[in-house]
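**Student:** So the protein sequences, as listed, match chains A and B. Note that the numbering used here has the first sequence beginning at 301, numbered continuously upward. Note that the numbering used here has the second sequence beginning at 301, numbered continuously upward.
In short, the hints are calculated from the structure, not lab data. A few of these clues could be false.
Remember, identical chains collapse to one label, so a pair may be satisfied in a single copy or spanning two.
Pairs of lysine-lysine residues, derived as BS3-like cross-links and limited to a Cα-Cα distance of at most 30 angstroms, are as follows [stated by the list, open to error]:
hint, residue 1, residue 2
1, Lys-344, Lys-385
2, Lys-522, Lys-396
3, Lys-385, Lys-522
4, Lys-396, Lys-385
5, Lys-522, Lys-506
6, Lys-344, Lys-426
Number of protein chains: 2
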Amino acid sequence: VLDVLPELARLPNPVLVDCTAAAGMEEVYVAAFGHGINVVSANKQPLALPQAKRDAMHAAARRHYRVYHYETTVGAALPVIETLKNLVRTGDRVIKIEGAFSGTLGFLCECLTMGEPLSGAVRRAKDLGYTEPHPRDDLSGLDVARKALILARELGLRLDLSDVALSPFVPAEFLAEDDPEKFLQDLVKADGGMSARVAAFKAEGKLLRYLAHIEPEATGPKITVAPVGVDASHPAATLRGAEAFVAFHTERYSQFPLVVRGAGAGGDVTAAGVLADILRLAQNIRGRKG
Amino acid sequence: VLDVLPELARLPNPVLVDCTAAAGMEEVYVAAFGHGINVVSANKQPLALPQAKRDAMHAAARRHYRVYHYETTVGAALPVIETLKNLVRTGDRVIKIEGAFSGTLGFLCECLTMGEPLSGAVRRAKDLGYTEPHPRDDLSGLDVARKALILARELGLRLDLSDVALSPFVPAEFLAEDDPEKFLQDLVKADGGMSARVAAFKAEGKLLRYLAHIEPEATGPKITVAPVGVDASHPAATLRGAEAFVAFHTERYSQFPLVVRGAGAGGDVTAAGVLADILRLAQNIRGRKG
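Required output: the full structure, derived from the provided sequences and hints.
**Tutor:** If you want it as structure tokens, here you go:
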């Protein structure tokens with residue numbers, strides 16, 4: 301990619317659009333900014349890098365007056381990042397961000413609540429194309445932790461992935477298996493424990509959800525990602541299937557949090573969000589004629 | 301205001317910020333655009349003008365490459381207009397927009413549901429500063445109709461306020477009284493009918509809400525604003541107090557609508573939204589250095 305940047309830079313108002321999930325793209329972005337190229341990206345990896353690397357990337361964008369939009373990294377086309385940026389830059393104090401960011405785990409929560417055993421639900425989700433090629437990559441919660449870190453960093457928190465208090469969706473011992481088929485077979489052993497957990501929640505009138513919490517002023521971990529039981533009155537209780545949800549509790553939105561929810565994953569909404577980022581950029585450029 | 305525009309235009313990157321609810325501001329905006337001044341506005345009036353006048357305003361902005369931001373005209377700082385613009389410009393097909401846009405009427409719905417008589421609830425809302433100086437201006441539903449029209453026009457619908465199928469919150473005969481105190485006294489006569497309506501909804505397991513519906517492909521009225529009964533499973537059923545809500549049902553968001561909710565009125569969130577509009581503008585201008 302680095303080789304084509306000089307050529308791309310000759311186009312009027314060039315934009316590099318990264319729809320990969322590849323590692324190492326931060327170097328491409330830095331080079332792109334240096335060539336006067338803007339970046340629109342759906343790739344979470346560069347945003348979840350250790351803080352110093354991420355700082356270098358943003359510094360390069362600023363130094364060359366280039367734009368780096370990444371709205372689709374959390375909740376696809378749902379207005380999450382830009383909404384948070386607006387809260388921060390208008391001086392609101394964010395007290396808590398709460399969200400369900402994994403369509404896959406949302407689907408599994410629903411299956412488990414309906415009484416389906418975990419291993420069967422995961423296999424079905426895989427067959428439906430809802431999971432990564434290796435379902436472990438969803439069940440580890442790492443993808444949700446990345447999204448939570450992306451939001452936390454918008455608050456100016458200087459934290460890394462290792463600072464996230466991450467409880468996987470399934471017990472950690474199952475996550476070691478590298479072979480997807482063997483992994484699915486082993487998962488049968490987790491069925492009983494998972495069903496018991498869901499039943500225990502049900503007995504308390506609660507529902508299983510996989511939630512991320514960001515509390516910038518917490519004395520303990522500021523980012524927590526874990527399976528939890530929520531009351532029927534909790535906004536996440538009404539989530540269905542792969543629906544995503546984020547609630548911003550702030551000083552201004554203290555009585556009624558600012559809530560965004562809807563389809564938060566999928567090729568079509570992600571593509572739409574990437575296009576919206578590109579058009580936002582194009583609008584700014586249009587403004588330059590004035 | 302017109303007199304100061306030439307002076308304002310000499311500032312670098314001038315922005316006219318309209319936090320009034322005054323009529324006639326569209327002429328000021330057109331003149332401002334002509335002077336190279338951008339406009340950020342929380343004023344609904346210019347956006348609800350007859351279509352030809354509104355077209356002229358937008359044409360002036362385009363002709364002079366100026367920006368006109370008005371995010372706070374619907375739902376204060378909630379991301380409503382920009383979210384809708386993104387759906388439209390990325391080619392989504394909007395099937396239905398549903399929303400509760402009046403904090404005042406939301407508050408009244410809650411009071412009535414708790415068994416409070418209408419006239420008492422309105423007087424209390426007035427005393428709390430939740431209503432316009434004359435509560436009629438809230439109870440007529442006109443403010444909600446304006447917001448619905450603003451959203452409908454983002455879809456390219458060429459409609460005017462007179463095209464809105466508007467049912468006021470209270471029977472229309474009460475709205476003629478010009479004196480606020482006399483109005484409140486007369487309203488006692490509406491108490492029985494209103495309580496009966498709420499009780500009838502309750503018997504069906506429904507709750508009173510004041511909702512706007514925009515259905516661009518409807519054969520009948522495309523914009524409807526009316527008090528309705530909603531099921532407990534309806535997203536508006538869980539609205540509390542002055543909370544606002546909007547759901548976008550689109551081709552892409554068909555299974556799970558894109559929903560935004562939270563505090564949708566009040567000086568603090570409106571001011572924050574106006575500031576966010578100004579900063580968005582400033583960011584674009586910053587981009588021009590490149």
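**Student:** Is it within, between, both or neither when you check Lys-344 against Lys-426 at 30 angstroms Cα-Cα?
**Tutor:** Within one copy only: 22 angstroms inside a chain, 49 angstroms across chains, cut-off 30 angstroms.
**Student:** Evaluate Lys-522 and Lys-396 at a C-alpha cut-off of 30 angstroms and name the case that applies: within, between, both or neither.
**Tutor:** Result: close within a single copy only, 10 angstroms intra versus 39 angstroms inter.
**Student:** Using 30 angstroms as the alpha carbon limit, work out where Lys-385 and Lys-522 are close: within a copy, between copies, both or neither.
**Tutor:** within (19 angstroms within a copy, 34 angstroms between copies)
**Student:** Since the copies are identical, ignore which copy is meant and state whether Lys-522 and Lys-506 lie within 30 angstroms (CA to CA) inside a copy, between copies, both or neither.
**Tutor:** within (24 angstroms within a copy, 40 angstroms between copies)
**Student:** Is it within, between, both, or neither for Lys-344 and Lys-385, if the alpha carbons may be no more than 30 angstroms apart?
**Tutor:** both (17 angstroms within a copy, 25 angstroms between copies)
**Student:** My question is about Lys-396 and Lys-385: at a cut-off of 30 angstroms on alpha-carbon distance, are they close within one copy, between copies, both, or neither?
**Tutor:** both (15 angstroms within a copy, 28 angstroms between copies)
The structure meets every hint from the earlier list without exception.
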